Amino acid sequence: RLLQDGKINESIVIYKQLKSEIKEPDSFLEYYLANIYYSQKEFKKAKIHFQNAIDLDDKPYRITTEINSIIEKIALENNIPLIDVYSRIENESQNNIIDYDLFSDHVHLNDNGNQIAMDELYLGISQYLDSNGKLFWNKK
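Just so you know, we're using our numbering here: the sequence shown kicks off at 26 and counts up by one.
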């Protein structure tokens, strides 16, 4: 509420108080700090802390950095094509921060988000279609 009212300094004071009481990394504190940075238009810092909040969440509803890394590693090790829909959604999001502009809630893409995801999937899959429309790739 303080951030919505433009009371950034008061928000920072509260963050520091909470941080002094909560010693280990905390998803709520990361999210709170991300919102402070976002309200100050420091989008690169905000993006880092929003992602930290997702990564620290006990029950993440969005994909974590660790899960993305595992998927990328498995695809690379097995020479499996990877279509990076996540990066496309991120690049199409306001300030490159995945937020509600392409989501109907905190998990599900809205119509615009789905269109972007489907476009990226089509581009990715079409690279592996032969002239008859059959799927192929050279798995070595």
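For the record, the hints were derived by calculation from the structure and aren't laboratory data.
Here the structure is a predicted model, which is why all the values come from computation and not from measurement.
Note that beta-carbon positions come from the ideal geometry of N, C-alpha and C, so glycine has one too.
Treat the hints with caution; some may be incorrect.
Claimed, not checked - Below are the EDC-like pairs computed for lysine to aspartate or glutamate, each with C-alpha atoms no more than 20 Å apart in a straight line:
hint: 1; residue 1: Lys41; residue 2: Asp51
hint: 2; residue 1: Lys32; residue 2: Asp80
hint: 3; residue 1: Lys84; residue 2: Glu49
hint: 4; residue 1: Lys72; residue 2: Glu91
hint: 5; residue 1: Lys84; residue 2: Asp130
hint: 6; residue 1: Lys84; residue 2: Asp51
hint: 7; residue 1: Lys84; residue 2: Glu117
To be verified - Label-pair ranges, simulated between beta-carbon atoms:
hint: 8; residue 1: Ile37; residue 2: Tyr153; range: 45 to 51 Å
hint: 9; residue 1: Tyr153; residue 2: His133; range: 25 to 31 Å
hint: 10; residue 1: Phe53; residue 2: Gly158; range: 47 to 53 Å
hint: 11; residue 1: Lys66; residue 2: Asn157; range: 23 to 29 Å
Can you tell me whether the CB distance of Phe53 to Gly158 sits inside 47 to 53 Å?
holds, 49 Å
Are the Cα atoms of Lys41 and Asp51 separated by 20 Å or less?
Holds, because 13 Å separates the two Cα atoms, which is no more than 20 Å.
Run the distance test for Lys84 versus Glu117: straight-line Cα separation, threshold 20 Å.
Judged against 20 Å, a Cα distance of about 26 Å means the pair is violated.
Given the hint that Lys32 pairs with Asp80, test it: the Cα-Cα distance must not exceed 20 Å.
Status violated; Cα separation ~27 Å.
Is it true that the C-beta distance of Ile37 to Tyr153 lies inside 45 to 51 Å, as the hint says?
holds, 50 Å
When you check the alpha-carbon spacing of Lys84 and Glu49, does it fall within 20 Å?
holds, 17 Å
Taken at face value, is the distance from the CA of Asp51 to the CA of Lys84 at most 20 Å?
Given pair Lys84, Asp51 holds - Cα atoms ~13 Å apart, limit 20 Å.
With the threshold set at 20 Å, check whether the alpha-carbon distance from Lys84 to Asp130 stays at or below it.
Distance of about 16 Å is within 20 Å: holds.
Between Tyr153 and His133, does the beta-carbon spacing fit 25 to 31 Å?
holds, 27 Å
Cβ separation of Lys66 and Asn157, checked against the hinted range 23 to 29 Å:
About 51 Å separates the Cβ atoms of Lys66 and Asn157, which means 23 to 29 Å is violated.
Run the distance test for Lys72 versus Glu91: straight-line Cα separation, threshold 20 Å.
holds, 16 Å
In this structure, the hints that do not hold are numbers 2, 7 and 11, in rising order.
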